[in-house]
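Engineer: The primary structure of each chain is shown beneath.
2 protein chains.
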Amino acid sequence: MPNPKTALRILGILLMVEGFCMWLAVPVALIYGENDAPHFILAGAITAFTGFLSFFSTRKAKLEVTKRDGYVIVTSGWLAFSFFGTLPFVLTGSIPGFTNAFFETISGFTTTGASVLNNIEELSHGVLFWRSLTQWLGGMGIIVLTLVILPVLGIGGMQLFAAEVPGPMPDKLHPRVKETAKRLWSIYVIFTLAEVLLLWIGPMDLFDAVCHALTTMATGGYSTKQSSIAYWDSPYVHYVITVFMFLAGVNFTLSYFGFHLRFRKVWQNEEFRYYLGFIFVFTLLIAAGLFFSSNRGAEESFRTALFQVVSIITTTGYATDDYLLWMPALTTVIFVLMFFGGSAGSTGGGPKIMRIMILIKNSTQELKRLIHPNAVIPVRMNKIAVDNVVVTNVLAFLAFYVVIAVVSMVVMSLLGNDFETSIGAVAATLGNIGPGIGNVGPAANFNDIAVAGKWFLSFLMLVGRLELFTVLVLFSPAFWKD
Amino acid sequence: MPNPKTALRILGILLMVEGFCMWLAVPVALIYGENDAPHFILAGAITAFTGFLSFFSTRKAKLEVTKRDGYVIVTSGWLAFSFFGTLPFVLTGSIPGFTNAFFETISGFTTTGASVLNNIEELSHGVLFWRSLTQWLGGMGIIVLTLVILPVLGIGGMQLFAAEVPGPMPDKLHPRVKETAKRLWSIYVIFTLAEVLLLWIGPMDLFDAVCHALTTMATGGYSTKQSSIAYWDSPYVHYVITVFMFLAGVNFTLSYFGFHLRFRKVWQNEEFRYYLGFIFVFTLLIAAGLFFSSNRGAEESFRTALFQVVSIITTTGYATDDYLLWMPALTTVIFVLMFFGGSAGSTGGGPKIMRIMILIKNSTQELKRLIHPNAVIPVRMNKIAVDNVVVTNVLAFLAFYVVIAVVSMVVMSLLGNDFETSIGAVAATLGNIGPGIGNVGPAANFNDIAVAGKWFLSFLMLVGRLELFTVLVLFSPAFWKD
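Chains A and B, in that order, give the protein sequences. Counting in my numbering, the first sequence runs from 143 upward without gaps. Counting in my numbering, the second sequence runs from 143 upward without gaps.
I should point out that these hints are in silico values taken from the structure, not numbers from a laboratory. Any given hint might turn out to be false.
Copies of the same chain look alike in the list, so a pair counts if it works inside one copy or between any two.
[Said to hold, decoys possible] Think about it this way: if two alpha-carbon atoms lie no more than 30 Å apart in a straight line, the pair counts; the simulated DSS-like pairs of lysine-lysine are:
id : residue 1 : residue 2
1  : LYS623    : LYS510
2  : LYS324    : LYS147
3  : LYS503    : LYS204
4  : LYS324    : LYS209
5  : LYS510    : LYS367
6  : LYS510    : LYS147
7  : LYS623    : LYS503
8  : LYS407    : LYS324
9  : LYS320    : LYS209
10 : LYS623    : LYS525
11 : LYS510    : LYS204
12 : LYS147    : LYS320
13 : LYS510    : LYS324
14 : LYS209    : LYS510
15 : LYS623    : LYS202
16 : LYS320    : LYS204
17 : LYS204    : LYS147
18 : LYS202    : LYS407
19 : LYS204    : LYS324
20 : LYS367    : LYS320
Go ahead and model the full structure; you've got the sequences and the hints to work with.
Structural biologist: And the structure:
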């Protein structure tokens, strides 16, 4: 049985951190002379105080975190952040209705970027800053989750990366989390600062540069503008953001190697090469399609294709164009791309390149196995044979992903959405992308989805972001026994 | 390397059989006083003579069939049947254009039932009979393929059924094929005759009864009427056909046990119980939806739901109603049902209940494995632990199925079809169902698909019908080496 006291104690710490982060919106409000600073102070105080109570009341709890505690803490951590994270929206009255506020907040902390807002520009600077910050904090959580916690829990093949991660090798979770997190977060911070700088020296002002840097590195995709990145009709802005979306979709361990000039190690990483390959192929396909089917020039076709492909494959969800207005085949290609996702160990969501890669490799190996039934033909990654258990884990994960997507599509249909909107909303939230197809495309938002649908999609964002099993295991009765 | 002489010799025998079968249309043409009897005689003669030449010219070939020969014979057998099977359509001028004739024929032999015909009723009785017969022959082939040949080849988990099949246990393929085929075919024939009788004593005439019995038992779905079974506004016809579609979707080995009154053995079969369960749940859902969203009465809602659910899950594809006109959520449910398929060892296509069952079981076991990482938690079927290799086979099969479906959807989009038509046409042909969604729904047909699209969908029908790997393995260079 998981230990609720341990969970409450760690949640307490996390909520105190969240409360402090809310106060970061106070100087923003003051600088822009907006009158909602008291709301942020109150929101932060409520959150931090709740955290303090939770931490203080469990001071006798043991801090030995078992695997089961791990599942409980991760899932309830994301939920708690999302519940308390609504406070700035609710207290300032920026988002009417708790359902909408919760949807917007969990969409932030899960780095999804699906929004219910019809007029983003009318929000105050403080609220916009908090909205961007939810994604950046979510991204920090994801880096630790996928590179430190999940490998230990052994979910969906993530154990493949346990040996890869720099930092002291694990005996206990605790020191490892701390040391590794510090190293990877420093890269996250450096990338964010670099993007702020590069956007700021371009046509963006400092505020927009900061907000977009926060949501790019998290592959979140919240923009300060209703029309997303299309607001800036500037190739410079498009290319800069493309580069940082790309980096956010790379395993942060590889970026760590890159910073230490170990480029051979980066290039030897097969997932990285697949990631490049997918981007190359999809960009080429869409750029050619746009060039021949519209009156865009070569550079604009390429830039538009590259931006949208990188935005979708990394599950960021920014838009410089509405892909629903392209020729239908290109929209279909974008839809398919929604089932790829970033690299494992990046902030990107979706099934992940690593799993798609193992799927492809195992499929071709399966054919070889039929031809040579008595030979042992393993799946190899980075030239090393992958344990069959891991392959089964990965396939089970992908099967789960498809089953959840299909069941969810039926649920969304039963809640009154048409076929394309159902399938699009599910792909966009389960994959933590943001915009989908149908009525929830890049030029629209999720405001018109019914209340029940919004709660259901919120659940999908959580399930998708936490690699399915982390959440679903909690629904298993066996989990709560002995 | 496969032995081409062995393949040619067996293909020769098969083509002679096909030629004789074409002559069965001659008496039909004569009875109805139609003037196309000479065309059927010629078509049969060309086919049988080609077969004879192929058989005669390879009389020195060894008849030891290796596994690789098996793949070649199965795939080229279905292709040869489909090519020569066009002759009655082409020579009588019933279907204009070779592409259309080939599409209609391979759709018959793969028991798909996707048609290009805009006016089925204008065809002569002889041609309609041949069209129905292609499906019935295809069904016979499938029974042998799935219950005798595939278990030996070890494709996609079908080896699970090797031990189940009645008949002498295998040392060599040959005596086993013969004896088992005889037993299972006799059930196929008995069911077909029973359906002819029951339809004939109802409102159908003998000709329609025969044609529909042939295409029901094959889960093919070709009708002699443009409006399919909706032509008969008779609950009796609907229920009779529902029962036989259901039986055609059951593992024929189980029917064999049923005929020997070993009902406990039938009920103990878990796949059978899942099959019943899926039909029950989907029928209930759709019947309730129809009852509350339309002015159908309770019986009509139930009957319409049951018919369409059984028709789609068994991949027959008959229609008594146009599910595209239902409330959108119910259409989505039907679309999801297209990815189930009949029982393994039935004539039904699609991924098959057995694989969906293993997918579901492995998913729940995967959750248990996360909770108890050190316990061995196998997937059980019929209370027996399933070998992990078989589970991986099944998951690899399903993964392949999804990948092929997704890639094909993109191909169909690039060939100019809209999103729903692309996804619907692929689901309907890869799953050997017949009607899809979008522009290829039950009230429409595949005539408007471009030529390239028709050839591509023909390929999908073949790939889907032959359990993917049987065809795909031929594209592997390793297959043709030593």
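Engineer: Now tell me, hint by hint, if it's right for this structure.
Structural biologist: Checked hints:
1. Taking CA atoms no more than 30 Å apart as the test, LYS623 paired with LYS510 passes between copies only; the shortest distance there is 12 Å, against 43 Å inside one copy.
2. Only within a single protomer do LYS324 and LYS147 lie at most 30 Å apart by alpha-carbon distance; the minimum there is 26 Å, versus 67 Å between protomers.
3. Taking the shortest alpha-carbon separations for LYS503 and LYS204, neither the intra-copy value of 44 Å nor the inter-copy value of 36 Å comes in at or below 30 Å.
4. Proximity of LYS324 to LYS209 under the C-alpha cut-off of 30 Å is restricted to the intra-copy arrangement: shortest distance 22 Å within a copy versus 56 Å between copies.
5. With identical chains, the CA atoms of LYS510 and LYS367 are never at most 30 Å apart, being 51 Å at best within one copy and 45 Å at best between copies.
6. For a Cα distance limit of 30 Å, the shortest separation of LYS510 from LYS147 across copies, 24 Å, qualifies, whereas the shortest one inside one copy, 52 Å, does not.
7. In this assembly of identical chains, LYS623 and LYS503 lie within 30 Å of each other by CA distance solely across copies; the values are 21 Å between and 38 Å within a copy.
8. For a Cα distance limit of 30 Å, the shortest separation of LYS407 from LYS324 inside one copy, 21 Å, qualifies, whereas the shortest one across copies, 61 Å, does not.
9. Only within a single protomer do LYS320 and LYS209 lie at most 30 Å apart by alpha-carbon distance; the minimum there is 17 Å, versus 56 Å between protomers.
10. Proximity of LYS623 and LYS525 under a CA criterion of 30 Å is satisfied inter-copy only: 24 Å between copies versus 41 Å inside one chain copy.
11. Taking the closest pair of Cα atoms, LYS510 and LYS204 come within 30 Å of each other only across two copies (26 Å); inside a single copy the shortest separation is 52 Å, beyond that limit.
12. In this assembly of identical chains, LYS147 and LYS320 lie within 30 Å of each other by CA distance solely inside one copy; the values are 21 Å within and 68 Å between copies.
13. Within a single copy, LYS510 and LYS324 get their C-alpha atoms no closer than 44 Å, and across copies no closer than 33 Å, so neither meets the 30 Å cut-off.
14. Taking CA atoms no more than 30 Å apart as the test, LYS209 paired with LYS510 passes between copies only; the shortest distance there is 13 Å, against 38 Å inside one copy.
15. Taking the closest pair of Cα atoms, LYS623 and LYS202 come within 30 Å of each other only inside a single copy of the chain (23 Å); across copies the shortest separation is 69 Å, beyond that limit.
16. When the C-alpha separation of LYS320 and LYS204 is checked against a cutoff of 30 Å, the pair qualifies only within one copy, where the shortest distance is 18 Å, while the shortest distance between copies is 69 Å.
17. For the homomeric pair LYS204 and LYS147, the shortest alpha-carbon distance inside one copy (8 Å) is at most 30 Å, but the shortest distance between copies (75 Å) is not.
18. When the C-alpha separation of LYS202 and LYS407 is checked against a cutoff of 30 Å, the pair qualifies neither within a copy, at 45 Å, nor between copies, at 58 Å.
19. In this assembly of identical chains, LYS204 and LYS324 lie within 30 Å of each other by CA distance solely inside one copy; the values are 24 Å within and 70 Å between copies.
20. For the identical chains of this complex, LYS367 and LYS320 are neighbours neither inside a copy (36 Å) nor across copies (71 Å), given an alpha-carbon limit of 30 Å.
Checked against the numbered hints given earlier, the structure breaks hints 3, 5, 13, 18, 20 and satisfies all the rest.
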